Structure formats: C-alpha cells, structure tokens
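Trainee: Protein sequence lines correspond, in order, to chains A and B. Going by my numbering, the residue at position 208 of the first sequence is 208; the numbering climbs one at a time, nothing skipped. Going by my numbering, the residue at position 12 of the second sequence is 1012; the numbering climbs one at a time, nothing skipped.
Wrong hints could be hidden among the right ones.
[Stated by the list, open to error] Pairwise CB distance ranges, derived in the manner of DEER restraints:
| id | chain 1 | residue 1 | chain 2 | residue 2 | range |
| --- | --- | --- | --- | --- | --- |
| 1 | B | S1167 | A | A388 | 43 to 49 Å |
| 2 | A | S336 | B | G1107 | 46 to 52 Å |
| 3 | B | V1052 | A | L21 | 33 to 39 Å |
| 4 | B | L1029 | A | L19 | 32 to 38 Å |
Because the hints were derived from the structure by calculation, they are not lab data. Owing to the predicted nature of the structure, the values given are computational and were not obtained by experimental measurement. Just so you know, even glycine gets a beta-carbon here, dropped at the ideal spot from N, CA and C.
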Amino acid sequence: MSAPTIWILTPFIAGFLILFLLRGRLSPLAGGGVSTVLALIAVIFPIDTALLLGSLSIKISPSMEFLGRSFALNTADGPLIAVVYGLAALWFFGTEASGSANRFVSLGLMIIALLTASIAVEPFLFSALLLNVAAMLVIPLLVPVYQKPGRGVIRFLVYQTFAMPFILFSGWMLSGVEASPGDVGSTLQTGMVLGLGFAFLLGVFPLYNWIPMLMEEASPYVTGFLLWALPTFTVIFALGFLDRYTWLRTSPQLSSAIQFMGVFMVASSGLFASQQRHVGRIMGYAAIVETGLFVLAMGSRSVEIVNTTFLLLIPRGLELAVWALALAIIKRKAYSLRFNEVKGFARKYPIAVAALILAHLSVTGFPLLAGFPPRLALWQELAGQSLALSFWMFVGLLGLLAAAMRTLAVFVMAEEEKTWEWNESWVQTTMLGVGVIGLFVLGMFPQVTQPFIANLPSLFEHLGQ
Amino acid sequence: MIPDIISWIAAGLMLVTSTVVLLNRDWRLSLGALALQYMAAFWLVTQHLPFVMGSVKLITGWMVVAILGMTRLGLSTDEDIHGNSFMPHGQWFRLVLALVVTLVIAGTSPRIEAAIPGLGLPVIAGSLLLIGIGVVHLGITSDELNVILGLLTMLTGFEVLYAAIESSILVAGLLAITNLGLGITGSYLLIAGTSPIELKDEI
Chain A
1 MSAPTIWILT PFIAGFLILF LLRGRLSPLA GGGVSTVLAL IAVIFPIDTA
51 LLLGSLSIKI SPSMEFLGRS FALNTADGPL IAVVYGLAAL WFFGTEASGS
101 ANRFVSLGLM IIALLTASIA VEPFLFSALL LNVAAMLVIP LLVPVYQKPG
151 RGVIRFLVYQ TFAMPFILFS GWMLSGVEAS PGDVGSTLQT GMVLGLGFAF
201 LLGVFPLYNW IPMLMEEASP YVTGFLLWAL PTFTVIFALG FLDRYTWLRT
251 SPQLSSAIQF MGVFMVASSG LFASQQRHVG RIMGYAAIVE TGLFVLAMGS
301 RSVEIVNTTF LLLIPRGLEL AVWALALAII KRKAYSLRFN EVKGFARKYP
351 IAVAALILAH LSVTGFPLLA GFPPRLALWQ ELAGQSLALS FWMFVGLLGL
401 LAAAMRTLAV FVMAEEEKTW EWNESWVQTT MLGVGVIGLF VLGMFPQVTQ
451 PFIANLPSLF EHLGQ
Chain B
1001 MIPDIISWIA AGLMLVTSTV VLLNRDWRLS LGALALQYMA AFWLVTQHLP
1051 FVMGSVKLIT GWMVVAILGM TRLGLSTDED IHGNSFMPHG QWFRLVLALV
1101 VTLVIAGTSP RIEAAIPGLG LPVIAGSLLL IGIGVVHLGI TSDELNVILG
1151 LLTMLTGFEV LYAAIESSIL VAGLLAITNL GLGITGSYLL IAGTSPIELK
1201 DEI
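Next up, chain B with everything else stripped away, as it sits in the complex (with noise of 0.2 Å):
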C-alpha cells in the first residue's frame, strides 16, 4: 500500500518537475527540477529493476544535471537570453499544452494497463506524460539548453517504461551512456560559439 501511494507520489512529482521545465525561463529552476525529476522516475524504475539498476539511473541523471549546470553557470549573463522559440512565448500556452497533454494521458493510462498488465499505473501515467511534456517542449522550442532538456525528460519517461520490460544490465549502461552523451553534447552545444575565434587553429 505505502510503496503504491510514494508511486502516485513520484508520478505526480514527475507532473510538477516536467510542467515547471517546460514553463519556466530560468535555467536554474528547469535543472532543480530535472534533477526532482529523476529521483522520481528512480523510485518508479526501481518498481521493476533491481535497486542497484535504479541507482545508475539517478546517478547518470543527476550528473547529467551537474554538467549542465556547471556549463551554464560558466557562460556569461549575454547568454541569459530567452531561447527562439518560433511558437507563442506565452506561460498560459504552455500551461494548456501541458493540460492537454495530462488530460490525454490520464484517458489513456488505464487502457493501456488493461492491455499490458503487470507495468503498474503509476509507472505507466508517469512514464508518458514526461514522454508527451518532452515531446511538446522539443516542438515549440529551438534553444539548445531547452532541447536538451526537453530530450532528456523524453528519455528518462521512456527508460521509466522500458524498464519495466526490459532489465538487461547492457540496455541499462547504454542508456546511461545515451543520457550522459546527451548531457555532455548539450553542454557542447551550449559553449560552441561563446568562444573566441583563435581557438580556430588549437582544433
């Protein structure tokens, strides 16, 4: 009963964190909530994999958060412009998209667990609405940081569900790879262009 309330818990957190990176302009909170994000999906992921299996995954994503953060707290205050998103800027927008997408998720969730007994609802609802908050926040933005962030809580739901399927160990150190290399590409992103020219000859 306890673990099936702290599930609902970390499925509604995971509501909250994906709905605060998706609105919100400031990098800070979107990182604080990534990184609430994946001790939410840990505890899920833990529901079908072994603790230890779980861990990688809140290790490998806090990380990820860690490079990030310490990438953007490293670029200038120039940098601290809005991302062009070619979409309204607008906070309500958003708020409806993330509404929309809640409401989609919340229809189907109970069918699906009809259809594949055994994954939990919890898991399954929590999974898909960072898989559709992800979805949505890659379709209206083209910002580097704010695409990474909206791959990475794409991801972290679909490694949520495919935990729950599959627990092999090398799926688990790819995934952990994957976020990583999407964590360090990001950061990658995030400097390229902020340096000087001469860095031309040193590459």
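Isolated chain A (complex conformation) (with noise of 0.2 Å):
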C-alpha cells in the first residue's frame, strides 16, 4: 500500500462515510479514532523502510500516480503526519465536548486529507489549488444552513481564492528568475507576487481582518480548527518555496521582508487584543500573533530556521485546541462572548474559564506553559539579528498578555454572594484537563516533542543545512 492511500485517500473516504453514516456520538468517536490510528501508523511503520513482523515483510512505497503526476510522502513526512494527525485527533475527539455540528468530523478529515496531499503533490506547486479546494471545504462548517452568511466567511473566502493565481503565477515565474537570476526587475515582480499570495493566504496585515469578524461570527471550535488547520500547512508550503529557490533562500532583503511582516503581524495583533471586549475577537488575534510568530521564524536568516519554525508547531496545534474548545463550553451559555455578557463566568464554568486563561497565557508565552519555549527559542534567535525586531515582538506578547489580564478580571468579576458551580460534563472537564495537562508538559518537559521534530529538517533538502 503507498502512503498516499493510507494518508489521503484513507481519511477522504473516512470523512465522507461519516458525513452520510454515522450521527450523534458516534461521528466525533469515529473520526477521532480515525486520525489516531493514522497518526500511529505514522509513527510505527517509516514510509519506504522494510519491517519484517515475524515472517511478514511490510513496506508503506512513497508514492503514487494521479492524473499524470506524483503525490509522494517520504520517510521524513512521517513524523510531521503524525503529529497532524494526533493534533487533527485531539478536535475530533473535543467535537462532541463542544457541541459542534456532526459534520465538522467529517469535512474537517477530508480537510485534512487535502491538506496532507498539498504537501504530497509533486511539483509542489499545484499545493496552492489543494489549499483553496480544503478552504472551500471550511466554509459550509462556518456557516450553519440557517444562518445567513457573515462578512468574515465572504471575506475568507475570497482571500483564499486570490492567493491561489497568485502563488501559481509566481512559480512559473521563479523558473524565469532561476534562468535569469541577474534581472533584478524580474525578480522583484516575481518576489511581490510571491508576497501576495502568501500574503492572502497566511492573513498577512492588513489582510487578517476576517479573522476576528469570523471569531464573531462563526462557531469557535470551528474557527479555531481552521485557524490551526490551514496556516499549519501554508508554512510548510512556504517553507517548500525558500527551500526549492536559492535565490529566496539566500536574499537579505525578502528574508528582511518577511521578519517585518511577521513582527508586524505580531506588533499589531497583540495591540488590538489588548483594546477587545470580546472573548473569541481576541483568540482570533491570538492566532494571527502565532501566525506572525511563524512568519518571523521563517524570515530569520539563520541554520535554525526550520527547527525553530516547527518547535512552533505542536503548541500552537494544543494551545488554539483548548481554547477554543473552552470558548465553546462558554457560548453555550453566553449569547455572545462579549465581555459584559460572560462576565463571572468563572464561578459558573471554572475548568473552561480556567483552561482558556491558561491556553491565552501560553499564547503570550508565559513560562511553565507549552508556548514559553518555542518563543524562548524564536527570541534568541531574534536577539542576534536585530533588537527592533525582539523589541516588537516584546510588545505584541505584552499586548496580548494585557488581553489575557483583562479577560480574567471580566470573568471574576461575579458577585460575592454567588456560589461556585460546576457546570462542565464529565467529557468536557476531561478533556479539557489532557489539554491543560499537555500545555505544562511541553512547558515544563518540552524535549518531549523531540522525536517528532527531530527529524522534520530533512524535509527540506537545503533549508537549514
């Protein structure tokens, strides 16, 4: 069998039966269980290694032919499959906890599915068609069918289609720019397209402005999934494109262009947190920072760059998991997630409020907790390139570090004769508690995730060598 069936076709199909089978408990169970035997079969069995099992010799080949072309994962996909698919196993699992519709199983494995082809597809260009066909698939989990569709999901959806053209384009015309790597207006023309489409895609400012309206908007665990789900595999896509062209490897200015990007993404969304009344608004600037994060991560001129950008990786998946799960369980019982209308709920849901404080500490990078040593790393590097640079991304943590503050003082804010109740089901309190519980594992323990990153350098032949 190639890993492309086990890892693409397997979860597409999986996805769709349970889309039209399986209802009620039974969909999140299925789906979750899905994703863990993948994310296990990544671990156990190396793509194209030979394991003899007593006298059964088993081999999972790398690739295998569509419509004239390649999808090929290799062995040093594997670690990266795993953990996408133990993260992806974490939502589906949490589905049930957070009451979201019984199609986000379904859609968000097929979702998966597509974007674990993106980074399989050979050229590794044609990702971007992947990516705009998974965002499409996003939009009917935004949107209820009895609820009249919002300005973020137009707006989402047409930045999504945008960046596609654009990243096409710029790849045809990169080749122009290999053959020809001393025309510098080329190359410039080919560098802002380049920018564009990522731009688009990764919610570069000022282009991240659906991200806080479909905080507004849509459900937060689904929001949250996609916030994880899609700028996860628009980095490593990213990282593909500096890897495959020296020429954007080994350029000062685009590596320049990028860290300002990103500090600015970071800068600016940690402010606007700051100044927000409303709950899920804020986790949508929360994401953009993480996003920023990676975005500077990958413009550090620096043998690390691939190293730092995925130690990013596993806490962002855990950190958006549990808080969005958390706002969930709140808007349940809050009409919106406005500060004046989720004010005391400590005292009301104390496992969420707690769980979502300590997911939005993480986020800041708040020592103990899984975000503090991926930013630690990011900050070091960043130390020894330019101070600007530590100095802004300072401020945007702060920002959001504020955010947290004032969102803990509106949850506490109860009154002093009001009791403390427990309103959380056993499934929710549980799984928020393995959330918690792994944010201050990778905190505290964070070599845990070694053998999985490790080895993720390798993806990329000349990144970081």
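From the two separate chains plus the hints, produce the assembled complex.
Mentor: Below, the structure written as structure tokens:
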C-alpha cells in the first residue's frame, strides 16, 4: 500500500462515509479514532522502509500516480503526519464536548486529507490549488444552514481564492528568475507576486481582518480548527518555496521583508487584542500572533530556521484546541462572547475559564506553559539579529498578556454571594484537563516533542543546512 | 487568419459579458452572460490546450452556471433584493470602472505580449480583462451571488492565461474542482439563512 493511499485517500473516504452514515456521538469517536490510528501508523511504520513482523514483510511505498502527476510522502514526512493526525484527533474527540455540528468531523477529516495532499503533490507548486479546495470545504462548517453568511466568511473565501492565482503565477515566474538570476526587475516582480499570494493565504497585515470577524460570527471551535489547520500547512508550503529556490533563500532583502511582515503581525495583533471586548476576537488576534511568529521564524537568517518553525507547531495546535474548546463551552451558555455577557463566568464554568486563561497565557509565552520554549528559542534567534525585532515581538506578546489579564478580570467579576458551580460535563472536563496537562508537559518538558520534530528538517533539502 | 479573428471575437465577447455581469442587477442575465463567457474562454483555452481539456473547462463552467441558476431559482422572490454594496450603486459608475480596466488592459497587453511572446494578444487581453473586471466586481459588492460571480470571472481569466503556460491534466482537474467548489459554495451561501430555524437540530 502506498503512503498517499493511507494518509490521503483513507481519511478522505472515511470523512465521506462518516458524513452520510454516522450521527451523534459516533462521528467524533469514529473521526478521532481514524485520526489516532493514522497517527500511530505514521509513528510505527516508517515510509519506504521494510519492516519484518515475524515472517511478514511490510513496506509502505512513498508515492502514487494521479492524473499524470505524483503524490509522494517520504520517510521524513512520517513525524509531520503523526503530529498533524495526532492533533486532528484531539480536535475531533473534542467535537462532542464543544457541541459542534456532526459534519465537523467528516468535513474536518476531508480537509486534513486535502491538506496532507498539499504537502505530497509534485510539483509542490500545485499545493496552492489543494489549499484552495480545502478552504472551500471549511465554508459549510463556518456557516450553519440556518444562519446568513457574515462578512468574515465572504472575505475568507475571497482572500483564499485570490491567493491561488498569485502563487501559481509566481511559481512560473520563479523558473524564469532561476534562468536569469541577474534580472533585478523580474526578481522584484516575482517576489511581489509571491509575497501577495502568501499574504492572502496566511492573512498578513492588513489582510487578516476576516479572522476576528469570523471569531465573532462563526462557531469558535470550527474557526479555531481552521486557524490551526490552514496556516500550519501554508507555512510548510512556504518553507518548500524557500527550500526550492536558491535566490529566495539567500536574498537578505526578502528575509528582512518576511521578518518585517511577521513582526508587524505580532505587534499589531497583540496591541489590537489588548483593546478588544470580545473573548472570541481576542482568540482571533492571538491566532494571528501565532501565525506572525511562524512568519518571523521563516524570515530568520539562521540554520535553525526549520527547527524554530517546527518547534512552534505542536504547542500552537494544542493551545488553539484548548482555547477553542473552552470558548465553545462558554458560548453554549452565553448569548455572545462579549465581555458584558461572560462577566462572572469563572464561578459557573471554572474548568473552562481556567483552561481558556492557561491557553491564552501559553500563547503569550508564559513560563511553564507550552508556548514558552518555542518563543524563547525564537527570541534568542531574533536577539542575535535585531534588537528592534525582539522589542516589537515583546510588545505584541505584552499586548496579548494585557488581553489575558482583562479577560481574567471579566471572568472573575462576580457578585460576592454568588456560589461556585461546576457546569462542565465529564467529557468536557476530561478533554480540557488533558489539554491543560499537555500545555504544562510541553512547557516543562519540551524535549518530549523531540522524537517528532528532530527529523523534520530533513523534509527540506537545502533549508537550514 | 480565421482562428485569429475568432480569438479576437472571443476576447470581445469576454469584455461584453464581464461588463454585463458587472453592470447587471438581474441574476438571470448575469448567469447567461457568465455561460457565454465560458464559451469565449473555451475558445481561447483551446489555443494552447487540447480540445478535450478545453471542453472540461467549458462543461465545468456551464455546470457552475446551472448550479447557481437552479439554487437562485429555488429562492423566493423576497430574495430578489439588491446586494448591500458599499460603493455607489449607479450603473454609470460601474461602466466607468469597466472602461478604466479596459483602457489599462489595452495599454498593457501589447507590452506583456512583447515580454512573453507566444501567448497571443487576444489571450492576454481577454484573460486580463476578466481578471480586472472580476477584481473590480469583488471590490464593489458584498452580496453572496455577486461575490461568487466576481470570483468566477477572475478565476476564468486566470485559467485562460495559465492554460498558455501550464498544460498539466492535474492542474486542469484541480481548477475544474475549484470552479465547481465555488459554484457549490456559492449556492450554499445563497441558501444559508433562508431555511427555517428547525433545521438546526438536523445538522
């Protein structure tokens, strides 16, 4: 059996079957189960390596032909697939606790399958098309059939569709630049087209305005999933570009531009987050900060570029999952997530509020929490290159910390005689508990992620060598 | 000689149809113009791609038109309200915008043809017109159907141009899926919010 059949076709078909065959509690269990099994297969069976089980020899072949092109997942992709499907399992198991619609699991599985296909397709440039199709599959999750679509969804669709032509064109232009590297004019044009494509895809300032809007108008759990999945694969796609084209990798101007974009995202979103009065919008801005950190890491002129970028990967998935789940639980009770609606909720939903605040603090890079080690590593890299960049990253994270303090203040702002209640179900408490323990484990023992991320740099031939 | 003339006619048809989609407020006429636009695009695509691959684009395009048309037909006449554009509604304003795009494209197309020889002037002019007017359309509307029409127009322009530089079957297939996806997404967005609230329990 080939790797693309296992990690692309199987989850896609599973998602399709779950959509039509399973309802209620079964669909999160089935979706989470499929993802867990796929993650375990990725951990246990290395791709393109023969394993002897008694007299039985098992080998997963790396590639598959489809419409004249190849989809290939190599040995180095194994840990990445394990991380992605492991985190996806966490999201799918949490569906029941979050109260999201049934189709979240089925469409979510299909989206993850398409995103995995985006890292497998050769030439890698065609990933832009798969990312676009995956983005379209998110729409039915963001807009329930009984709700009019808001402006955030429309902008999301427009921006994601805009990105694809820019990236496909830039790929064609890049081959021209490679042929004549001295042509400054075409190099500049190509850089601009490529930059615009990724700016739309990643939601670089000011193109991230749809994110807070979506957090307001759509389910926080679904939006959280979207904010985890799409940027993660987009960043891997962007690293592929840097790896493939020498002039992109070696251009100091481009590196500075990427860092500037990243730090602008971090600083502006952090400051905007500190001014919000809506818990969902704050999470949206925090997700933008996370993406900004990815961009900052990609722009760093060091051999640690891949390590630093992937170090951010696992904590990001866990933080957003815990945060989104906590928000979804709170939103089931509160009419909206505005400060005046969630005042005093710490006494009604203590577990959800505690998990939310811890996830928030983790994103700000609070010590002992999952976000701290990668931010420290990134800071160390940046401090060696530019103190201004380090300072503005600090400002952004400080803004997020201020938002965390304001959120905490609002949640505990209850009347004195109000008694403590425990309104979370056992499933919700367990899921949040596991997530919070994960945040502490990743914060205190970051080396637990090493088996997964140690070999990830070998995904790229030239980057970080 | 005759194919060249037909190519220019196709580019002209693209200008007319995209302008009709931009100016018009009647969804029936807009979808009709979109269907014609796909025919013109089909001709220009087949200048660089085999007939079969070009016909995939035509059939996909018509399927998208059918999906959107059937969805819109199923909605009540109460839904026949105009999109909540935030820019001036006037037809003249839109016409001027289309004229500006046309002038810009008329100026830039020969230069692009000189920079990238072999694409053909009608292909460049037609595709850039669609991209330009599609983007303008997206800039002045937030109504779901018009947004989808703008995206489809822009994407068709891109497809015509990209067909000249990339002939992969996978790309053609994925672009067809993207077009169909946009059509289905558009019809879902049109339906969303029009169903009774009781449906909430069923999803």
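Trainee: For every hint, state whether the structure bears it out.
Mentor: Checked hints:
1. Against the hinted window of 43 to 49 Å, the Cβ-Cβ separation of S1167/B and A388/A comes to about 47 Å, which satisfies the hint.
2. For the hinted restraint 46 to 52 Å between S336/A and G1107/B, the CB-CB distance of approximately 50 Å keeps it satisfied.
3. In this structure, V1052/B and L21/A meet the distance hint of 33 to 39 Å, their C-beta atoms being roughly 36 Å apart.
4. At about 36 Å, the beta-carbon gap between L1029/B and L19/A stays in the expected band of 32 to 38 Å.
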